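*Asks:* Chains as they are written, first to last, in my numbering: chain R, 1 to 308; chain A, 1 to 308; chain W, 1 to 308.
Derived from the structure by calculation, the hints contain no laboratory data.
Treat the hints with care, since some could be wrong.
A pair counts as met if it fits within one copy or between any two copies, since identical chains are not told apart.
Claimed, not checked - Taking lysine-lysine and the BS3-like style, the derived pairs with C-alpha atoms no more than 30 Å apart in a straight line are: (1) Lys129 x Lys74; (2) Lys56 x Lys74; (3) Lys278 x Lys19; (4) Lys173 x Lys291; (5) Lys165 x Lys289; (6) Lys66 x Lys53; (7) Lys291 x Lys254; (8) Lys165 x Lys303; (9) Lys66 x Lys173; (10) Lys224 x Lys289; (11) Lys165 x Lys299; (12) Lys272 x Lys260; (13) Lys165 x Lys74; (14) Lys272 x Lys254; (15) Lys53 x Lys165; (16) Lys254 x Lys66.
The structure presented is a predicted model; accordingly, all values stated were derived computationally and were not measured.
Here's the letter readout for the chains.
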Amino acid sequence: MRLNYSHTLEQIAGMIDAKYVGDPGFVVSGFNEIHKVEPGDLTFVDHPKYYDKALKSEASTILINKEVDCPEGKALIFSDDPFRDYVFLTRQFRTFESAQSMISGSAAIGEGTVIQPGVFIGNQVNIGKNCIVHANVSVYDHSIIGDNVILHSGTVIGADAFYFKRRSDYWDKLESVGRAIIEDDVEIGACCTIDKGVSGDTVIGQGTKLDNHIQIGHDTVIGKNCLFAAQVGIAGCVIVEDDVILWGQVGVQKDLTIGKGAIVLGQSGIAKSIAGGKTYFGSPVQEAKDKMRELALLKRLPKIIEML
Amino acid sequence: MRLNYSHTLEQIAGMIDAKYVGDPGFVVSGFNEIHKVEPGDLTFVDHPKYYDKALKSEASTILINKEVDCPEGKALIFSDDPFRDYVFLTRQFRTFESAQSMISGSAAIGEGTVIQPGVFIGNQVNIGKNCIVHANVSVYDHSIIGDNVILHSGTVIGADAFYFKRRSDYWDKLESVGRAIIEDDVEIGACCTIDKGVSGDTVIGQGTKLDNHIQIGHDTVIGKNCLFAAQVGIAGCVIVEDDVILWGQVGVQKDLTIGKGAIVLGQSGIAKSIAGGKTYFGSPVQEAKDKMRELALLKRLPKIIEML
Amino acid sequence: MRLNYSHTLEQIAGMIDAKYVGDPGFVVSGFNEIHKVEPGDLTFVDHPKYYDKALKSEASTILINKEVDCPEGKALIFSDDPFRDYVFLTRQFRTFESAQSMISGSAAIGEGTVIQPGVFIGNQVNIGKNCIVHANVSVYDHSIIGDNVILHSGTVIGADAFYFKRRSDYWDKLESVGRAIIEDDVEIGACCTIDKGVSGDTVIGQGTKLDNHIQIGHDTVIGKNCLFAAQVGIAGCVIVEDDVILWGQVGVQKDLTIGKGAIVLGQSGIAKSIAGGKTYFGSPVQEAKDKMRELALLKRLPKIIEML
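Isolated chain R (complex conformation) (with noise of 0.2 Å):
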C-alpha cells in the first residue's frame, strides 16, 4: 500500500509509541508485507526464521520484535508485537468504510460501459472504458478494473485476504490494504472471487480469461492471455507468468511460481514451482508424461506381480 502522503519515521513510531532506531525525519512512503516490499516500506517481522529476509529486503523500515542492529540506509521500530502494530497501523490509513448506494459516489466508470443492475461498487473503485458488469456482481473498495473487461454475475472483486495469525487461543487477522487489479481486456465468469494484496496488489493480466468458480488469492500476479477452466483456485502470493493454461479445478499452493506457457490438466494440485512450456498432471503434480507412464504402470501392476 502507497500512502498518499509520506510520514517521517518519527510520526509512525509515534502513533505505536515505539522506541526506534534511525533519523527522526526519515521517510516512509508506504507498508507492505515481506512478500511485496519495495523501497520506501515499512514492513514487519516478528519471527527469528525471518529476520534475516526482513533486514535485508527492500524494504527501509522494519517493524521488529529484536533489538538488532540497523542496516545501512534503513530504520528500525521496536515493537513486542510488530504483527499487532503493523496491523493497528495500517489501518490508519485504509479502514472499512461503509456503503450508502449499490454504486458508491467516489467510483469512477468509464465511458461506454454497461453496469447491469444489482451491482456493488464500492468506494474509490476505478472501472474503465467499454466493460460489462453483469448483475450482482460486487467490487470492493479501491479495485481497479481496466477497459473492455467482462465481469459474469455473482463475481466478487477484492474481498479480503485469507491470511491470520495463530495466536495461543483464536486466529488474528491481518487487515487487507492492498488492491485488486483487472487489466484490460479481461473476462472473468460467474461466482469468481479475486481477493485484494494484504498490502500489495492482487493482479489479474491483460487479455487473460477465466472460467466460472474461480479463487485467486491475495496477492498473486496472474499474466497476460492465461486461461483457467472452471473451479480452478489459486492461494495467495502466487505468480502465473504469460500463456498459462490450467485445466478445471487444478489447486495451486502459495508462494510459488508457474511459467510461461505452462499447461496444467484437470484436477491436478500444484505444491512447488513449476518451469514453464511443459505439460504437467497429477496431485501433487508432475510431468504430465511421467504421471501417465506412473498410472500405466500401477494398472500392469498386479500381473507384473505374478509373474515375478
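Use these hints to put chains A and W onto chain R, whose structure you have.
*Replies:* Same frame as chain R, but now just chains A and W:
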C-alpha cells in the same frame, strides 16, 4: 426444530389422520431427523435397517411404517409413508415465507453491525453486534449470527439441505426446517454456502475462519478456531472438532468426525472419521507420511521392477 | 440458435460481403456450432481437420475458409476467417442488451412463482409456475425455466460460454447466442452456474437436483432425475444421461457422455465417456472396484517388494 409450544401426541397424529400408541396427552416438543434427536422429539423411520436405531434413540415419538412394540416411556405413530408424513408435519410448523424487502422487518440486527448494499436478510434472522455483512450476501430465514462476524460478498447462509429420498421415478425432498448458526468472531469468505440443518442446526464454531467458495452441508457442526482454505467442501452431518485445519479443495463425506487439531493437506478426500492431532493427505486420505512414502515408492517402481 | 424468421443465403452472405455457392434463395433458419447442428443451420469450420465433419453434418450452410465442392442439397459461404464472420453474423441476431431494472419488462413469470428480493431476471426470460427464486439469483437473457423449479441464492443461470479461439496474441471470444433451459421440478443449490449454450441450449433435465457450487458448461445436456453433490464441475458439450449420480467435487471434461444410471464417487475425474449402470472412482476414473483393488495393492507394495 423446537416447537414454539408443545403439542400432544393426539394433535400430531390427528394432523396426518394416523393411528398411534401412547397417552393422547404425551408431549411432542420438537421434530428431528434421526441424526439429531433429543428427548421430546418426534422422528421418523421408514427402513427396517434403522428401526432399532430410531426406537432406541433419544426421540420420544417415532413415526414408523411397521406396527412394532412401543418402547417404555415413548409413543409411536403409524404411517404407510413416514417420510411423506414427516415432511407434511414439519411444514405445518415452519414453511417458506416470501420476503418483501431486502431486510425483513422481523430480523434483529445488533448495534455497530454494518449491512452493505444488496444484502438480503430473511425473516426472523438474528444478527449480533459489530458484524460486517458485505454486499450481495444472502441470509435465509431463521439464521442466527453472533457478534463480530464478517460475511463476505456472495455468501449464502441457511439455504436448504441437499437431502432427497429416492422414489421410483423422482427425488422426494425432505423439507429443511433447521437453522444455520454462525458463532461469534467467525469470518466467512466470498461465495461460501452454509446450508441450514434439515431439522437440527448447522453450526460454525466461535473463531473459525473460512476462505472463499466453501461448502458446509446441513447439520454439520464445526468446532472453534478451525481454518479452512478455499474450495473446501463438507457434506452433511459431519462433526469437525476444534482447531482443525483443512487446506484448499479438501472434500469431506457425510456422517463422520474429524478429530481435534487434525491437519488435512490440499485436495485430500475424507471418507471415514479421522483421529485428531495428525496430518493427512490423499484421496482417500491416509496419514501424510504414509502417503508421501507411497508416492515416493511409486516413482521408484520402474527401477525396482527392472532390477528384479 | 433458431432465427425468428428465416433469411436467404444471399442475405446472409451479403452481411459479410462474401462469395457463396448455392441458390441465392436457399434458406438459413438458424446458427449453430458444429456440435449442435440441425438441418437449416449455418455452421462454420476453419480447420482442415474438421472440414469433412462440417460438410457431412446436418448443417445446410457451411461457412468455410477453403473453396471445396459443395455437397448436394447444401450451400457454402467462403470467408478468410470463418470464426470472425460467424461471430459477426450471430451478433446481428442476438446481442447483449443492458437491463434497466432487476426484473426485465420482457420477462414472463408464471402463476404462483415467488421471486425473492435482489433477484435479476433478464430480457425475454420465461419462468414457469410455482417456482421459488431465492434472493440474489441472476438469470441472464433468454433463459427458460420450467414449473416447480427452486433456484437458491447466488446462483447464475445463462452466463456466457467459456469458449475462446487462440489467436497469435490474444483469445478471441465466440459470442454465446444459445440458451440455458431448466426443466420442471429441478432444484439448483446456492452459488451454482449454468452457462448458456454457444449456439444451442444447455439443458438441466426434469427432476434433476443439484447441490451448491456446481458448474455446468455450455451446451451440456443433463438428463432427468440426476443428482449432483456440491462442487461438481462439468465442462461444455457433455451429455449426462438420466439417473446419473455424481458425488462431491467430481470433474467432467468436455465432449463426452456419461451413461444412464452411472454413479461416480467423490473427487473423480472423467476424461472419456463412461458406460451407464456402473460405479466409478479415481482421476482419471476407473470402475470403482478396480480402483479400490489398485489402491489396496499400492498399500501392500512395500511388503511385496521386501518379500522378493
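*Asks:* Does each hint hold? Answer for all of them.
*Replies:* Here is what the structure says about each hint:
{"no.": "1", "hint": "Lys129 x Lys74", "verdict": "neither (42 Å within a copy, 43 Å between copies)"}
{"no.": "2", "hint": "Lys56 x Lys74", "verdict": "within (10 Å within a copy, 72 Å between copies)"}
{"no.": "3", "hint": "Lys278 x Lys19", "verdict": "neither (52 Å within a copy, 42 Å between copies)"}
{"no.": "4", "hint": "Lys173 x Lys291", "verdict": "neither (39 Å within a copy, 32 Å between copies)"}
{"no.": "5", "hint": "Lys165 x Lys289", "verdict": "between (40 Å within a copy, 26 Å between copies)"}
{"no.": "6", "hint": "Lys66 x Lys53", "verdict": "within (14 Å within a copy, 61 Å between copies)"}
{"no.": "7", "hint": "Lys291 x Lys254", "verdict": "both (23 Å within a copy, 21 Å between copies)"}
{"no.": "8", "hint": "Lys165 x Lys303", "verdict": "neither (51 Å within a copy, 42 Å between copies)"}
{"no.": "9", "hint": "Lys66 x Lys173", "verdict": "within (22 Å within a copy, 55 Å between copies)"}
{"no.": "10", "hint": "Lys224 x Lys289", "verdict": "within (26 Å within a copy, 38 Å between copies)"}
{"no.": "11", "hint": "Lys165 x Lys299", "verdict": "neither (44 Å within a copy, 36 Å between copies)"}
{"no.": "12", "hint": "Lys272 x Lys260", "verdict": "both (15 Å within a copy, 28 Å between copies)"}
{"no.": "13", "hint": "Lys165 x Lys74", "verdict": "within (26 Å within a copy, 51 Å between copies)"}
{"no.": "14", "hint": "Lys272 x Lys254", "verdict": "both (9 Å within a copy, 28 Å between copies)"}
{"no.": "15", "hint": "Lys53 x Lys165", "verdict": "within (19 Å within a copy, 44 Å between copies)"}
{"no.": "16", "hint": "Lys254 x Lys66", "verdict": "within (28 Å within a copy, 48 Å between copies)"}
Hints 1, 3, 4, 8 and 11, counting from the list given before, are not met by this structure.
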